[in-house]
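Model the placement of chain B on the given structure of chain A, informed by the hints.
Same order as they appear, the protein sequences are chains A and B. Note that our numbering numbers the first sequence so that position 109 is 90, with each residue one more than the last. Note that our numbering numbers the second sequence so that position 9 is -10, with each residue one more than the last.
No wet-lab data here; the hints were simulated from the structure. What you are looking at is a predicted structure, and each value in this text was computed from that prediction instead of being measured. Hints are supplied without guarantee of correctness; some may be wrong.
Think about it this way: if two alpha-carbon atoms lie no more than 20 Å apart in a straight line, the pair counts; the simulated DMTMM-like pairs of lysine to aspartate or glutamate are [stated by the list, open to error]:
1) K35(B) <-> D60(A)
2) K84(B) <-> D62(A)
3) K283(A) <-> E253(A)
4) K10(A) <-> D176(A)
5) K117(B) <-> D121(A)
6) K10(A) <-> E170(A)
7) K84(A) <-> E113(B)
8) K288(B) <-> E247(B)
9) K152(A) <-> D60(B)
10) K152(B) <-> D60(A)
11) K35(A) <-> D62(B)
12) K209(A) <-> E276(A)
13) K288(A) <-> E231(A)
14) K283(B) <-> E113(A)
15) K84(A) <-> D60(B)
16) K117(B) <-> D106(A)
17) K117(A) <-> E109(B)
18) K117(B) <-> E113(A)
19) K283(A) <-> E113(B)
Protein chains: 2
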Amino acid sequence: MDNFVRRQIDLELGSNSLQPILGFHERIKAWRRETGRILTPYVGDLQDYRFTLKMIEDFAPDAIVHFAEQRSAPYSMIDRDHAVFTQINNVVGTLNLLYALAKLRPDCHLVKLGTMGEYGTPNIDIEEGFIEIQHKGRTDVLPFPKQPGSFYHLSKVHDSNNILFAVNNWKLRATDLNQGVVYGVGTEETDLHPDLATRFDYDGVYGTVLNRFCVEAVLGHPITVYGKGGQTRGMLDVKDTVRCIEIACENPPERGDFKVYNQFTEELNVGELAERVHALRPDSVIQHVPNPRTEKAEHYFKAAHTKLIDLGLKPHLLTDDRIREIFKVVEDNRERAQLALVNPNIDWRQTERQEPLWTDLAGEPRPTTVKD
Amino acid sequence: MDNFVRRQIDLELGSNSLQPILGFHERIKAWRRETGRILTPYVGDLQDYRFTLKMIEDFAPDAIVHFAEQRSAPYSMIDRDHAVFTQINNVVGTLNLLYALAKLRPDCHLVKLGTMGEYGTPNIDIEEGFIEIQHKGRTDVLPFPKQPGSFYHLSKVHDSNNILFAVNNWKLRATDLNQGVVYGVGTEETDLHPDLATRFDYDGVYGTVLNRFCVEAVLGHPITVYGKGGQTRGMLDVKDTVRCIEIACENPPERGDFKVYNQFTEELNVGELAERVHALRPDSVIQHVPNPRTEKAEHYFKAAHTKLIDLGLKPHLLTDDRIREIFKVVEDNRERAQLALVNPNIDWRQTERQEPLWTDLAGEPRPTTVKD
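Only chain A is shown next, with the shape it has when bound in the complex (with noise of 0.2 Å):
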């Protein structure tokens, strides 16, 4: 199902997908013509509780994967109003959901898409959803504390703890996906023929971080590292996106048990992103901009990530041919590249939209040096 809000935003953002793609329904009938497979389509909004709920009697689904959330954070941190926007589309869609599914159909296991950015950077390790805490001679297995860092990442705290109440109260099944930071393109499945391509966003607000870094290295633009580029986070290849959902779908809880995953492969840095993106394109610059994020220039992170792999998952690490992959398609669609896009523009800090927060593509790189 979908509602077509994110070709929406592009409107309202002047943005694009780097790569061209097509509409919802071409998409369904290529996918039909490549592999003689039938997708039902639902055009609607799961904001709308009536929609939601033909959709799922009519579909009667075993499973549902939950994809239909604002996801970018620098979107919710625009101004009031896309903070707003975010967490009600965000809360509302998935609370009409469990309804839904409590109301017709508890047995079918809710797959939804979480993020890693929920845990922030504690100073201790990172477990799956849930952690053994010892306090005052007294032991309990309670959910990890979570330290969001934007109005989106908290609109997906907000969703976890109401999954994991509609789940204990109406018995229903449920897999969060905490999923890292993602790179590449293509998927086995969109790489079948161009007219199923998905979307690549390279643009400040929804583009990811090594994408952007590609398309700026390729394009001529210095590569924007945040801040002292100290973060690290976890991430994974789109293909292994894909293949965790099928693993999370294939292994549905108990009634009444909510799983949570940590989906990603490995720990990267963002400093030493930059570093490999270069190392393949001597001619690129780094630059280091001012972090538009309120986030700790530098922590520790370590964060489990085991029970996919238990379950089947084998990652692809990140080599420098799979960068060289997305060169390529930034290559190929040079001419559909909006440069001016790919800047931080949305700082953390203010409450309104402000002009960009640093817009000198032609001119000398800044001074490393940043205020944190």
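Structure of chain B alone, referenced to chain A:
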């Protein structure tokens, strides 16, 4: 400020305050008459961002006491619409306040009413907002893991998380008062004159446990204990509620600091409360009814609550005289009571409004067996 939504909910539920209360403007006039003090009324909804901005700009507050939330767990569990209303009302109202403060009044101190119900009933001691966790040889102080037990309690956790982020991000000042279950009717201020009386909720949706037991005992209704009555909760006298808010306002945090206090004075057990009420009204009958909520029948409960006492709170502990004072209010307003309202008629396990779980006012007590 008020948007009168609580009075509107009385219309929806067919409920009322046991003691009569005047309108907003009449109470403000009475306050001026009795004390010489002028209160400035604002009529509007915190969900309206323009209203919120105008109010903050016009009044230019040094502190805001934020009570503007839908505050009933059963109300939030009526059905999907009431769950969504509760979460949107509470989350958006609080987001609007945070944005308005960040934009116009970042020095202002936000005092937010939270609830002890955010914590649930973990098998370890509950701390005040944060807990030091030692894990695999490392240590951090992290937000205390929450296990809220209704969509209302979840909305409060969402708010606590949003506030913590906003305080860090914009360097605001905020205090979260995780309040226990309130009992009692009058405060020093409302006792000045009957025109200043505040609500006395006795229904199964908004009435809190001790007040409801007193109504039942005085009016000849069985004292309805949910399940075995093994639930232990932090509780406090409404007189202490207002003193705690005063203490919070007198002790603003530094900019960028989020204080969390557990606001209750003693831990009381529901079954024992029923016994205490019964002992003062020996003609009353205690009746165990199926628990409409999903909560543990018996559990560990020990929660820190020293910070407000360290700041000067002198607790009013629950005495038989205090219970008799509540009896007196019930007797004085006997003719206003609608006894059918005291029964729990919202079942946590249902997704849509049901017939009351238990309406047999005249008959024999049901057996105390509870499925839980």
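Note to self: K84(A) and E113(B) were given as a pair; does the straight-line alpha-carbon distance stay at or below 20 Å?
What the structure shows: violated, 40 Å
Note to self: Need the status of pair K283(B), E113(A): alpha-carbon distance at most 20 Å?
What the structure shows: This hinted pair holds, its Cα atoms lying about 18 Å apart.
Checklist line | Distance restraint between K152(B) and D60(A), which requires alpha-carbon spacing of 20 Å or less | finding: Holds: K152(B) and D60(A) sit about 17 Å apart, inside 20 Å.
Notebook entry, point to check: Within 20 Å, alpha carbon to alpha carbon, are K35(B) and D60(A)?
Noted result: Distance of about 17 Å is within 20 Å: holds.
Checklist line | Pair hint K283(A) and E253(A), alpha-carbon separation not exceeding 20 Å | finding: holds, 17 Å
Checklist line | Pair hint K10(A) and D176(A), alpha-carbon separation not exceeding 20 Å | finding: holds, 9 Å
Checklist line | Pair hint outcome, K117(B) versus E113(A) [Cα-Cα no greater than 20 Å] | finding: Holds - the C-alpha atoms of E113(A) and K117(B) are around 11 Å apart, at most 20 Å.
Item checked: Restraint check for K288(A) with E231(A), where alpha carbons must lie at most 20 Å apart -> holds, 14 Å
Check: Taking only the CA atoms, is the gap from K35(A) to D62(B) under or equal to 20 Å?
Finding: holds, 16 Å
Margin query: Given the hinted pair K152(A) and D60(B), is their Cα-Cα distance within 20 Å?
Written below: holds, 17 Å
Checklist line | Holds or violated: K10(A) to E170(A), with C-alpha atoms at most 20 Å apart | finding: Holds. K10(A) to E170(A) sits at ~14 Å (cutoff 20 Å).
Margin query: Run the distance test for K283(A) versus E113(B): straight-line Cα separation, threshold 20 Å.
Written below: Between K283(A) and E113(B) the Cα gap is close to 18 Å, so the pair holds against 20 Å.
Of the numbered hints stated above, the single one contradicted by the structure is hint 7.
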